Amino acid sequence: MIYVKVDGDAPNGYAFIHYLPFDRDQGLGKTREELEEDGGVFLDAVPEPQTPADKVAIMKYSPEQGPYYEYMDRPLSPDDKILQIEEQLGTMLFESATDKARIAELEASQGDLLMEIATMKMGGDR
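Residue numbering for the sequence shown is 1 to 126, as defined by the UniProt record's numbering.
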């Protein structure tokens, strides 16, 4: 028998789960009736999560549904974080080089235009 102390204010819907609520040494020291009066429920089993590789199962409880799981994205490992940052850095460096090349083209065009303007102000085609 598994005891779930329900807590509607908790983000997951329960305060704690106790797998041995009536154990002499590790139990809660209360009768079934007392535990139910405290706002707890008893379950025969907790369902196993069906967790995809890129997710983490978070067990939740609601009086309507009983125990259920929500799945959140798995945090990246340090190695995966490094790979992600390296990819972002590579993309940024490529974009920066592209921007610099475009700036150089625009500066050259600006120089050509300034020369044409100077030539026109001097009154002729040189």
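Simulated from the structure, these hints should not be mistaken for lab results.
It cannot be assumed that every hint is accurate.
What the hints assert, rightly or not - Straight-line C-alpha distance at most 20 Å; calculated EDC-like pairs for lysine to aspartate or glutamate:
no., residue 1, residue 2
1, 60, 48
2, 30, 44
3, 60, 25
4, 5, 34
5, 5, 54
What the hints assert, rightly or not - Ranges between beta-carbon positions, derived for each pair:
no., residue 1, residue 2, range
6, 53, 99, 34 to 40 Å
7, 45, 91, 44 to 50 Å
8, 83, 117, 46 to 52 Å
9, 78, 23, 38 to 44 Å
10, 83, 11, 28 to 34 Å
11, 46, 100, 55 to 61 Å
12, 26, 54, 18 to 24 Å
13, 6, 53, 16 to 22 Å
14, 46, 96, 49 to 55 Å
In this text the structure is predicted, and so the values were computed from the model without any measurement.
We treat Cβ as the ideally placed atom computed from N, Cα and C, and that holds for glycine.
We went through each hint and held it up to the structure:
1. For the proposed pair residue 60 and residue 48, the alpha carbon gap of about 12 Å is at most 20 Å, so the pair holds.
2. Using a Cα cut-off of 20 Å, the hinted pair residue 30 and residue 44 holds, with the two alpha carbons roughly 18 Å apart.
3. With a CA separation close to 27 Å, the supplied pair residue 60 and residue 25 exceeds the 20 Å bound.
4. A threshold of 20 Å between alpha carbons decides the hint, and for residue 5 with residue 34 the separation of about 12 Å falls inside it, so the pair holds.
5. Taken as a hint, the residue 5 and residue 54 pair is broken in the structure, with Cα atoms around 30 Å apart against an allowance of 20 Å.
6. Between residue 53 and residue 99, the C-beta spacing of about 38 Å keeps the proposed range 34 to 40 Å intact.
7. Taking the beta carbon of each, residue 45 and residue 91 are about 48 Å apart, inside 44 to 50 Å as hinted.
8. Restraint check, residue 83 to residue 117: a C-beta distance of roughly 51 Å satisfies the suggested window 46 to 52 Å.
9. A C-beta distance of roughly 39 Å is found between residue 78 and residue 23, which places it inside the suggested range of 38 to 44 Å.
10. Range check, residue 83 to residue 11: Cβ separation about 31 Å, and the 28 to 34 Å hint holds.
11. For the pair residue 46 and residue 100, the supplied restraint of 55 to 61 Å holds, since their beta-carbon distance comes to about 58 Å.
12. Separation of residue 26 from residue 54 is about 36 Å and departs from the stated range, judged on CB atoms against 18 to 24 Å.
13. In this structure the supplied range 16 to 22 Å is violated for residue 6 paired with residue 53, their Cβ-Cβ distance being about 31 Å.
14. As the Cβ distance of residue 46 to residue 96 is approximately 52 Å, the hint placing it in 49 to 55 Å holds.
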